[in-house]
Structures are given as C-alpha cells and as structure tokens.
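S.K.: Got chain L; can you put chain C on it based on the hints?
As given, the protein sequences belong to chains L and C, one line each in that order.
Residues in the first sequence are numbered from 1 upward in steps of one, following my numbering.
Residues in the second sequence are numbered from 1001 upward in steps of one, following my numbering.
Hint data in this document are derived by calculation from the structure and do not stem from the laboratory.
Ideal Cβ positions, reconstructed from N, Cα and C, are used throughout, including at glycine.
Careful: at least some of the hints might be erroneous.
In silico lysine to any residue, SDA-like type, Cα no more than 20 Å apart, as pairs [claimed, not checked]:
1) K339/L / R1102/C
2) K1050/C / L428/L
3) K419/L / Q1038/C
4) K419/L / A1044/C
5) K1050/C / S372/L
6) K419/L / R1041/C
7) K339/L / Y1045/C
8) K464/L / L300/L
9) K490/L / F450/L
10) K339/L / I1098/C
11) K339/L / E1085/C
12) K419/L / V1071/C
13) K419/L / E1031/C
Label pairs and their calculated CB-CB ranges [stated by the list, open to error]:
14) T41/L / T1028/C: 35 to 43 Å
15) F1081/C / R59/L: 22 to 30 Å
16) A22/L / R1048/C: 48 to 56 Å
17) D483/L / A1017/C: 55 to 63 Å
18) E1092/C / H488/L: 47 to 55 Å
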Amino acid sequence: MGLGTGQGLHYETAERLSAALASRTICSVELVESLLGRARTIDGKLRAFIALDGADALRQAVESDRRRERGAALGPLDGVAVSIKDNMSVRRWPMSCGSRMLDGYVSPYDCHVVERLRAAGAIIFGRTNMDEFAMGSSTENSAFFGTANPWDLGRVPGGSSGGSACAVAAGLAPLALGTDTGGSVRQPAAFCAAVGLKPTYGRVSRYGVTAFASSLDQVGPMGRSVWDVAALLGAIAGLDRRDSTSSPLAVPDYTVALGRERRWKIAVPREVFSDGLDGDVRDGLRRAVDFFAGAGCEILDVSMPAMDISIGAYYITATAEAFSNLSRFDGIRYGHRSKVAGTVGEVYAKSRGEGFGAEVKRRIMLGAFVLSGGYHEAYYGRAQRARVHISNGFGEIFRNCDFIATPTAPTVPFPVGAKTQDPLAMYLSDIYTVSVNLVGLPAISVCCGFSPQGLPMGLQLIAKPFHEEELLAAAAFFERNHDFCRRHPKIDQ
Amino acid sequence: MMAEESVAGQRQCFDVAAIAAIAHLELTSDEMDSLGEQLGRIVAYVDRLKAIAFAENSEQFFDVTASLRNVYGADEVGDSFTQEEALSNAPESRDGQIVVPRIVEGD
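One chain only, chain L, in its complex shape:
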C-alpha cells in the first residue's frame, strides 16, 4: 500500500516513513509540511505543543533532504520528526518546563538526547506541553493550558508527558520524547493509545534535561508502534560522561530482535486487582494475559504486597529530591525574578512564590517537610528502606519470570478537572508505575484495548534491568497480534 493513501502522511509510522525517505518516495520537507498542516488544522483543539517553529523544522528538513541527495543520510531517523517535551534543552529554543518560572529562558545548549537526535538526522519538531516541572498525571498542571485527549477532547491525555503522547496519538508527529519519573511516559501513552517506554535507570543520559527527582528520572521514547519506539530508544541510549549514572553497557539495535517470539514467563501480581481498578481496565488486562497464555507463555500468579507502600515511598523520595533540585530556581541566574523584591532573601521567596504553580509548591513543601529536622529519619529514611524492600520484592518475583504484567493505569482517561481538587487522588492514579522508578527497572506501555466508550487502556510490561530488547520483543509480539495500534482517533469530525 502506498504511503498516506488519501489522508496525508500523519498516521504513517516512523518505520514506514524511514523506508519511504530512504527510497526517496517522499522527502523530509514533504513530511514536515504535512505535519505542520496537520498541526494548523487540529492543534488549536488539542494543544499538544507549547511552541512549534515551522520555519526551524523546515530548515532542518531541507538539510536532511540535501544529505539524502548526497547519499550521506545519517541513519533510519534522518528526516523523521521527533517532538520534544519542554523540559529538555534545545539550543536557541526557549524551554519552559510548563512553568512561568522560566519566563524568557532560552537554552544555550542541546541536551544529550537532542545532540543524539541531531547526529541521527532527526527533525527536532516542537516543544510539547507538560505538567509544570513534570509534576502531575494529567498535563492540567501546565502553567499555560491543558492538552486534550485526542480520543475524547473532554478528557485528559495523562501526564506529565501529555503533550508528547497527544502529539503522537493525533498524528502531529510520528515520534516524541518524554520523561518518566513515576510513570510520566507510560501513563500518557496508555491514555492516548500510544507506545511509551521507560528505559532502565542509566540507559539514557539526562544531561540537559531539567531534573525533577534525580534517582528516578529517565528520558523515554514514545511512538505509535513498538518498532518506532525501539528505533528512537536506539538513537538516544548510551554512555554519556556528563551524566554520571549513565551506563557503559553497549546499546544494541533494538529493532533487530523485535520478531523474537518466546514462551515467556509472565507474572501477574494479584494486588493489581484491587478495589481501585476500573472494571474495563481489569477486563483489558485479563484479555491481554489470556492472549499471552494462549500463545504458550506461562502465567504466574504472584503476590507483591509492597505495591501498597510504593506510592508513599515514591512521593517522599520524589518530593525530597524535587525540593533539592528546584532550589536552583531562585530568580538570580535565570528565569523569573520578582519585580517587588528588596533583599536577596525576598528575591528567592517572592520569585519562587510568583513563578511556581500550586502543585510544584505542594511538592516542594512536602519535600522540605520530609527532610526537615526531626522528621528526616521518620520520612525520608524510612522511604529509602521501603525502596530496598520494594526492590527485593521485585527481585524475588524476577527469580522465576521474564516480565511482570500490570495495567499501566487503574482507569481509562478521566474527565478534565475530575482530580484537580484532590491531589492525593491524582497521586494514587500512579499506583502501577511508581514502583518501577523506585527500583530503576525498564517498563513499556502498549495499548491493550478500548473501553465501550472508546477510551484506550494500556498494558504495562516490566522487565529486569537492561532487558529492553526482550521487553520490546514481547510488546511487538502483542502488537502484531492485535489491531489496536492501527486505530486512530477521529479528531477532525
């Protein structure tokens, strides 16, 4: 079948676009013009992008096409557009982190993943909306505007990488990068029927990515197919001396092993079937598990009692680290400085009071509390012991299995405004994702069905550290045998 038959290029996968660019069936300028036209038509409704500089994207596309003409293409992603979450530094581009605190800030350098994408010839295509400083699960905490779920404009796209997930699902970009500190790539991927991967801690350098919680943060690829996500991971992964947690392990071509089919052993923790799990999502998970069982995989019923404490351990750890990391936003060297501050102390307190939104203030305050004198051991110290405990729980389960399967989120996408008045309810929606970050494991979310109202849900598969190849192979196997990734939202109607 020809590319984009009768409907433009916007729902073509990066895999097919890459092949079409290589065979010169299309050129990158054509792709970028098609995506810019798509954005003009529908992004007013969706608001996936904080900013999209069309002239800049076209300049990059012209250079890519020139490379192709010279026979000097840089790789499979040369000429393919990748949208960037707005907490990653792109040289000469503003970076807001979804916050007023960075008003006027222009990045003086490229972050590592953008350097890698440029080296691969990819088109850096727009800055996507996000919860302020990546704190949130719905993108409603952006200081600028919310982003709609392309499957139902009255619902949230998930978060914090909601702009990236929306962009990918709505055909505004074939690929996007997000960051995942407690599920911020996987949960919006699930809410938008995209594929999102959180790599193993250390797989991708965070250099130039605005730190939220440094022991948990990872950059993750998002796309409309597993192949696309595998290719993007391959482009951004690898050792970088500027992030001391960056792993020296070799980076394979993650697209090579996608055809692998094994009789994997898959553990399903019985705790996921708790009261908080939505019935449609429960049925979706059961169907996914039944599919793997039917394909000869062994399904193990396991217990993971530590799931119950993961939210508490996560929010203590993440807020403590955020309290420390966000102390750099003080109005002195960059970002917002209060106009009404007289002393240095007032510059700090007033600039931060004016610049940060409600959720960021809440988390900074919680972080300051759990680290404060008299409470440090009771909260932060205990959370670190809980983290070891949770880690050991995963270790026990992985002695005997390849993957752990859970829903990505306990519900389908919720209506805009449903949880904004209840921060704790919003935190609890991260129940299945946060423990993965606490332990540093890789995990992927793939669409495993739609509710009767047509709302998507995600299957999360969790693997052992640095087992991304196997994880992607299992996800690709699931994807090949279902048509979910070929369904698209009807935004234009």
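M.R.: Below, chain C without anything else, positioned relative to chain L:
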C-alpha cells in the same frame, strides 16, 4: 499556622509557615490554608509506611545502580559557555556579572 491531622492516635503537626521559610517560598494566606490542609492529608497517607517494620541495613537485592561505579572526571579545562552565553538568561547583568540586591552592609 498549624494544620493538624490525627493519625493512628498521634497528632501530626505541620507548621506551614516554618516549612515555607525553609523552602524559600512566599505563600499567600489562602495558599497557607489550602497547603496546610492538603499536606496534612498527604502526610497522613504516607504515614502508612510507619506501620511496616523494614529490615535494617538489608542488602538491596535488585539495585540497578550497584553495577555502576563512582565516576570521576578528569580535572581539565574544556570548552564551556562564553561569558555572554552564561549571562544570556540572567534577569539583570552588568559588566559581565549578574546583578543581585546588596548583601553586605556599608559602602
């Protein structure tokens, strides 16, 4: 301003003003009230960790950072920002330096 939450018979006192001072955050009185209430509930939730007896000094079975080592960079001069680039985002700068309010007393 104190927000109080009763947790398993213990009183959890959350001194919003003191914590805001530690965090260098100026808050409005409305923010103080709502944060006090919300943080009280969140702290009460995370307090469930107190009910679990975690092993002291237990070894982490599955620590992805365990395979990593401390990384020391060579102390060498390399390319970095120009002074102009480093100051490009400063809210106020003069003569190659960032301008801040006076910190030291006297002329």
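S.K.: Would you mind marking each hint as holding or not holding in the structure?
M.R.: Hint by hint, here is what the structure shows:
Using a Cα cut-off of 20 Å, the hinted pair K339/L and R1102/C holds, with the two alpha carbons roughly 15 Å apart. For the given pair, K1050/C sits about 18 Å from L428/L by alpha-carbon distance, which is consistent with the 20 Å threshold. Under the criterion of a C-alpha separation no larger than 20 Å, the hint pairing K419/L with Q1038/C is consistent with the structure, at around 13 Å. For the hint linking K419/L to A1044/C, the alpha-carbon distance of about 19 Å falls within 20 Å, and the restraint holds.
Pair hint K1050/C plus S372/L holds up; C-alpha atoms about 17 Å apart against a cutoff of 20 Å. With a CA separation close to 15 Å, the supplied pair K419/L and R1041/C stays within the 20 Å bound. Pair hint K339/L plus Y1045/C does not hold up; C-alpha atoms about 38 Å apart against a cutoff of 20 Å. Our distance criterion of 20 Å between C-alpha atoms is met by K464/L and L300/L, whose separation comes to about 16 Å.
Of the pairs offered as hints, the one joining K490/L and F450/L holds, with about 14 Å between alpha carbons and a cut-off of 20 Å not exceeded. This hinted pair checks out: K339/L and I1098/C have alpha carbons roughly 16 Å apart, not beyond 20 Å. With a C-alpha separation of about 24 Å, the suggested pair K339/L and E1085/C falls outside the 20 Å cut-off, and the hint is violated. Annotation: proposed proximity of K419/L to V1071/C is violated, straight-line Cα distance about 42 Å (limit 20 Å).
The suggested pairing of K419/L with E1031/C holds, with an alpha-carbon distance near 18 Å, which does not exceed 20 Å. The hinted range of 35 to 43 Å is satisfied by T41/L and T1028/C, whose Cβ atoms lie roughly 41 Å apart. Take F1081/C and R59/L: their Cβ atoms lie about 24 Å apart, and the range 22 to 30 Å holds. Taking 48 to 56 Å as the suggested C-beta distance range, the pair A22/L and R1048/C conforms, at roughly 55 Å.
For the pair D483/L and A1017/C, the supplied restraint of 55 to 63 Å holds, since their beta-carbon distance comes to about 57 Å. Between E1092/C and H488/L the Cβ separation comes to about 49 Å, which falls inside the hinted range of 47 to 55 Å.
In this structure, the earlier hints numbered 7, 11, 12 are contradicted, and the remaining ones agree with it.
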